[in-house]
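Enquirer: One-letter residues, chain by chain:
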Amino acid sequence: MVLILLGVSFLTFALMYISPGDPAQQRLTSQGVVVSQEILDRQRHEMGLDRSFAEQYGTWLLKLLGADMGISYKDGFPVLGKLIAALRYTLILAAVSLGTALAIALPAGVYTAVRQDQISDYIIRLLSFVSNCIPNFLLCVLLMYLFCIRHKCFPVIAQNNVQGLFLPALSLSIPLTGRLIRQIRAEMLEQIKKDYIIGARLRGVNEKYILFHNALRNALPGIITIIGLSIGELIGGSVMIENIFRWPGLGKLVMDSIVNRDYPVIQGFVLVTAVIYVGIHLIIDISYKYLDPRIERR
Amino acid sequence: MQVLSPKGAQKRKLYLRRRFTVLVIIAVALLMISALAPFIVPNNPYYNDALAIRSMPSVQYPFGTDGLGRCVLSRVLMGARTSICATLILVFITFVFGTFVGLLCGYYGGILDTVIMRLIDILLSVPQMVLTIAVAGLGGGGMMNAMIALGFTSWIVYARLAKCQTISAKQEDYVQAARLGGHSGCRIMLVHILPNIAGSLLVNATIQIGTMLIGFAGLSFLGIGVQVPQAEWGSMINESRAYIQLAPWAVLAPGGAVVLTAILFNYLGDTARDLLEVKV
Chain X
7 MVLILLGVSF LTFALMYISP GDPAQQRLTS QGVVVSQEIL DRQRHEMGLD RSFAEQYGTW
67 LLKLLGADMG ISYKDGFPVL GKLIAALRYT LILAAVSLGT ALAIALPAGV YTAVRQDQIS
127 DYIIRLLSFV SNCIPNFLLC VLLMYLFCIR HKCFPVIAQN NVQGLFLPAL SLSIPLTGRL
187 IRQIRAEMLE QIKKDYIIGA RLRGVNEKYI LFHNALRNAL PGIITIIGLS IGELIGGSVM
247 IENIFRWPGL GKLVMDSIVN RDYPVIQGFV LVTAVIYVGI HLIIDISYKY LDPRIERR
Chain G
996 MQVLSPKGAQ KRKLYLRRRF TVLVIIAVAL LMISALAPFI VPNNPYYNDA LAIRSMPSVQ
1056 YPFGTDGLGR CVLSRVLMGA RTSICATLIL VFITFVFGTF VGLLCGYYGG ILDTVIMRLI
1116 DILLSVPQMV LTIAVAGLGG GGMMNAMIAL GFTSWIVYAR LAKCQTISAK QEDYVQAARL
1176 GGHSGCRIML VHILPNIAGS LLVNATIQIG TMLIGFAGLS FLGIGVQVPQ AEWGSMINES
1236 RAYIQLAPWA VLAPGGAVVL TAILFNYLGD TARDLLEVKV
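Residue numbers (my numbering), protein chains in the order written: chain X, 7 to 304; chain G, 996 to 1275.
Hints are computed from structural coordinates only; laboratory data are not their basis. This list has only true hints and no planted wrong ones.
Straight-line Cα separation of at most 25 Å, PhoX-like style, residue types lysine-lysine; simulated pairs: (1) G:K1002 with X:K199; (2) G:K1008 with X:K199; (3) X:K214 with X:K200.
A short, non-exhaustive set of chain G residues, derived as facing chain X with CB atoms under 7 Å: (4) D1116; (5) I1117; (6) P1122; (7) M1124; (8) A1129; (9) G1132; (10) L1133; (11) I1209; (12) A1212; (13) F1216; (14) R1236; (15) V1246; (16) G1250.
Treat the numbers as computed from the prediction; the structure is a model and nothing was measured. Ideal Cβ positions, reconstructed from N, Cα and C, are used throughout, including at glycine.
Next comes chain X alone, as it looks inside the complex:
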């Protein structure tokens, strides 16, 4: 885990190192003033850009361990502070989207697995297949057109309230729901076909009890894994959604930074997401133990 994060830090640093453009120049010219070579050289020296790659990485890493991600080229504020301020919004958006998607996908996935090959199964599968093929940015634009321009019931620019959250969350959760239904259905189908279910059924155990206490319980570790993976997709997808709705989260911050060539912020964004993502997977790994005690014994 620590090794992986170290690797990610190396990766992000290397990416920035090889990316075109001179950070010193970026930083000095971000106010639109032309600078002389002398000032540029001094700035380069101050930023340590004239040292070797290993030295630069070492200094950067040491600062990182002290929770110092450097300062933004654009406005000179600490990167970490900017990221944390934005992170809150992204987490709210991701949590609401994931919650909505799960609230629909879990029952629908179980239902389609039970009703395999019946009409309701086909309809839900068709819907989930199609929703999985719609890019979230397109969906977002269409929803915006429908709700904000045609019917004027939601604001075009998301405000920080429930009304403002509704459309961004909806456009993130629809494609996710489609994917989750498909995967949950597959997990459940796999369990339902197993011998212990048939055995329980032969013993005359209540069908509902079998479904929720046996099949679903055994499918849970698989479902949790799927949820963990989808959190990554949510964070990635929210970049587009946040930019369309001007939701002040990480995604908007990173796109603004890309436009401004504000490299430390982009770097911090990758690092922060990696920490969250790795953390989530760690929690999931631990949760397996509680969901399925057999895993520990193995």
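Following the hints, put chain G in place on chain X, whose structure we already have.
Expert: Below, chain G alone, put in the same frame as chain X:
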């Protein structure tokens, strides 16, 4: 899948095979259209008709025009060339690279395997889209950078799958026999193992086409993929979303194109998976 009688299974197989053929024909037709786009476009996709800005769909402009008076249909067709060609090239390169890496890791194992697997762990610890956006953003946009950014992470799928399959193929008798026959490792990998594991890898590649297409359009939508004025579906949606209330067709046409193409390739992948009965 339900347990079917032999006859039922046969019927299903026949149905799947037909479905597969039809889908392949449609896909090939789509590729032809995108390859021949410059010759079949009704209007010049880059010509600004100042008198027909944001005009409704008509005979001259079947899908209307966009905010700069350019023919939307022509741009969608030209965009097909950019989007689909770029996606296919990307999937092909990552597929070949990933498979090759996976074969090597699975067959030889050892230090090479350990190093590459750790590298993969590192790459997977960042959500794919996040890394892609960061790489494309740092690279400064452009089609080539977008492709590199997408390719940066997408080879992993093939590498892991190929590695797993190679390890299990290594235990099979035919590989042991080939080894006893004194064939070189290279020959065993390419001639004996590769054809046997190609099925599931190809299915995987087909499924990836849809994902890559959407990813590519997404990057262009954000402005860090294909640059304007070059026609590409994602950037077209981004350009015309500002005046969607005046000219919805300028968003709907490229949007519909992305969705339909994604559906086609995803459905093709699903069918191929069911037909070959591989698990991906």
